[in-house]
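Those letters in the sequence shown? Residues 6 to 165, by my numbering.
Don't read these hints as lab results, they were simulated from the structure.
For clarity, every value in this text was computed on a predicted model and none was experimentally measured.
Hints are not guaranteed to be accurate.
Below are the PhoX-like pairs computed for lysine-lysine, each with C-alpha atoms no more than 20 Å apart in a straight line [stated by the list, open to error]:
#, residue 1, residue 2
1, K87, K44
2, K101, K22
3, K121, K52
4, K52, K101
5, K22, K165
6, K22, K52
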Amino acid sequence: MIYLIGFMGCGKSTVGKILSERMNIVYMDMDETIEENEKKSIPEIFKIHGENYFRELETNLLLNIDSNMVVSTGGGVILSEKNRQILSEGTVIYLKASWETINERLSLDTTRPLWKGDYSEKKERFEGRLSLYESIADHIIQVDHHTPSEVADDIIACLK
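Kindly produce the complete structure, drawing on both the sequences and the hints.
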């Protein structure tokens, strides 16, 4: 199992699709799977049920993955100790992006419930997660100034 972790906007979904194609293994985007299972968008899930409910959905999904695949996780999946334990049973790739890159990529994004709020709140959320990402990563791949294809190449190289 290959888990891609990192803050929202770092490229997990885009890179995950490329990586699964190149490695010829199944791809799963956790957020998309949760939306399909719940028949609601992530913003709707947050609005109706709250973040804690969404985090429970993430944990349940992780517990039920039963085949080898590339999995793009949600940016906050690492907040749960149980999730970190589950992730550590596979190979964890941290797609590390600078705050500047994240802020630039998400500047016009209105679809992410946790990208709301003022600049300092978002930056604090970003900085608060960095040590968690690094603590469980088997490999750290810098994504700043790299195309998704280059990032996928870097991941494949470090997995050899």
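Evaluated hints:
Between K87 and K44, the direct Cα distance comes to roughly 25 Å. Violation of the 20 Å bound is thereby established for this hinted pair. For the proposed pair K101 and K22, the alpha carbon gap of about 18 Å is at most 20 Å, so the pair holds. For the suggested pair K121 and K52, the alpha carbons sit about 13 Å apart, so the restraint of at most 20 Å is met. The hinted pair formed by K52 and K101 fails the criterion: a straight-line CA distance of about 29 Å is larger than 20 Å.
For the hint pairing K22 with K165, the CA-to-CA distance comes to about 19 Å; that is within 20 Å, so the pair holds. A threshold of 20 Å between alpha carbons decides the hint, and for K22 with K52 the separation of about 28 Å lies outside it, so the pair is violated.
In this structure, the earlier hints numbered 1, 4, 6 are contradicted, and the remaining ones agree with it.
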